[in-house]
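Novice: Be aware that the sequence shown starts at 1, since it is given in my numbering, and climbs by one per residue.
Certain hints may be false.
Derived pair list, reagent style BS3-like, types lysine-lysine, alpha-carbon separation capped at 30 Å [what the hints assert, rightly or not]:
hint, residue 1, residue 2
1, K242, K125
2, K282, K169
3, K17, K3
4, K109, K205
5, K92, K270
6, K281, K169
7, K40, K125
8, K98, K109
9, K40, K105
10, K109, K85
11, K205, K225
12, K210, K225
13, K17, K98
14, K205, K242
15, K64, K270
16, K64, K20
It is worth saying that the hints were derived from the structure and are not from the lab.
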Amino acid sequence: MNKKEWFSKFEKGYLLKGQKPGPKSVIFAGIHGNEVCGVKAFYEIVPNLRLDSGEVYFVFGNPKAIQKNVRFTEFNINRAFRDAKLYNLKIKKTYEYKRAQYLKKFLNKAETLLDIHSTTNPGSKPFIICEKNANKITPYFTKRFVREVGGFGKIEPGATEDYMNDRGKIGITVECGQHNDPNSINIAEDTLIAFLKAQGHILDKTNTHKSTRPAFVVQSLYLTKTESFTLKKQFVDFSPIKKGAVIGTDGTEIRKSDRDGVIVFAHNCKGIGQEAYILGKKVK
């Protein structure tokens with residue numbers, strides 16, 4: 001099959017079955033359309049992949065955004081996995097909201113999710129977003145992931161991994177580095193294979209290793225109050241920040257850190273209610 005045909009299969013959800021019964025998993029790529037490392041990993045690995053056991057769905061999260069190379073077309077799909085009653089009619093009419101409802105059928109079938117992402121921030125080092133229920137899987141991921149981070153579901157609800165965790169399942173999101181870093185594709189490929197091995201879908205244990213890494217928790221999210229939020233400087237994800245340090249300016253208001261800790265996903269924003277930055281702390 002050519003690339004166009006594979007795109008169609010991943011858009012619909014491509015099911016690969018092993019020779020023996022086993023766990024059911026789902027892997028998402030391109031939930032944000034400009035985060036291409038997972039998309040490229042699918043094209044590179046899946047066409048020649050064979051499973052020993054279980055079932056795995058490989059799904060492109062946001063096909064329209066992938067085609068346009070944008071984060072999303074109308075609404076951030078990774079905030080669209082909450083209960084329907086929490087969304088207004090305007091959001092429910094968006095492509096992303098409707099696509100999220102389609103993706104839920106794969107999450108409902110699976111026991112475990114791997115969602116592959118990258119970040120806009122230059123210099124960002126790869127990290128894992130998960131809760132403690134993933135501790136039998138993530139140690140097998142590449143040591144290039146420098147930390148594990150929990151708590152996102154409390155401050156940024158509506159993501160894919162939250163949907164799984166809220167239902168007693170396992171949801172794992174990996175941030176494989178900066179969008180344009182060639183290493184992010186290699187990390188995505190390594191992680192895809194490591195996940196399949198850890199889940200028992202692939203029984204080959206060669207090159208299997210276990211990594212330990214520091215743990216962080218995110219605690220607060222700042223939403224913009226004006227049409228213009230400007231950072232004082234660029235912040236590398238998880239860089240230390242002191243209480244009282246200036247982060248940026250929201251209109252005429254100077255925003256300062258209210259704690260000692262770390263800062264994550266800080267970026268300039270245009271528009272009210274935008275996610276400007278996150279504060280957290282190291283826990284292990």
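Novice: Which of the listed hints are not met by the structure?
Specialist: Violated hints (numbers, rising): 11, 12, 14, 16; every other hint is consistent with the structure.
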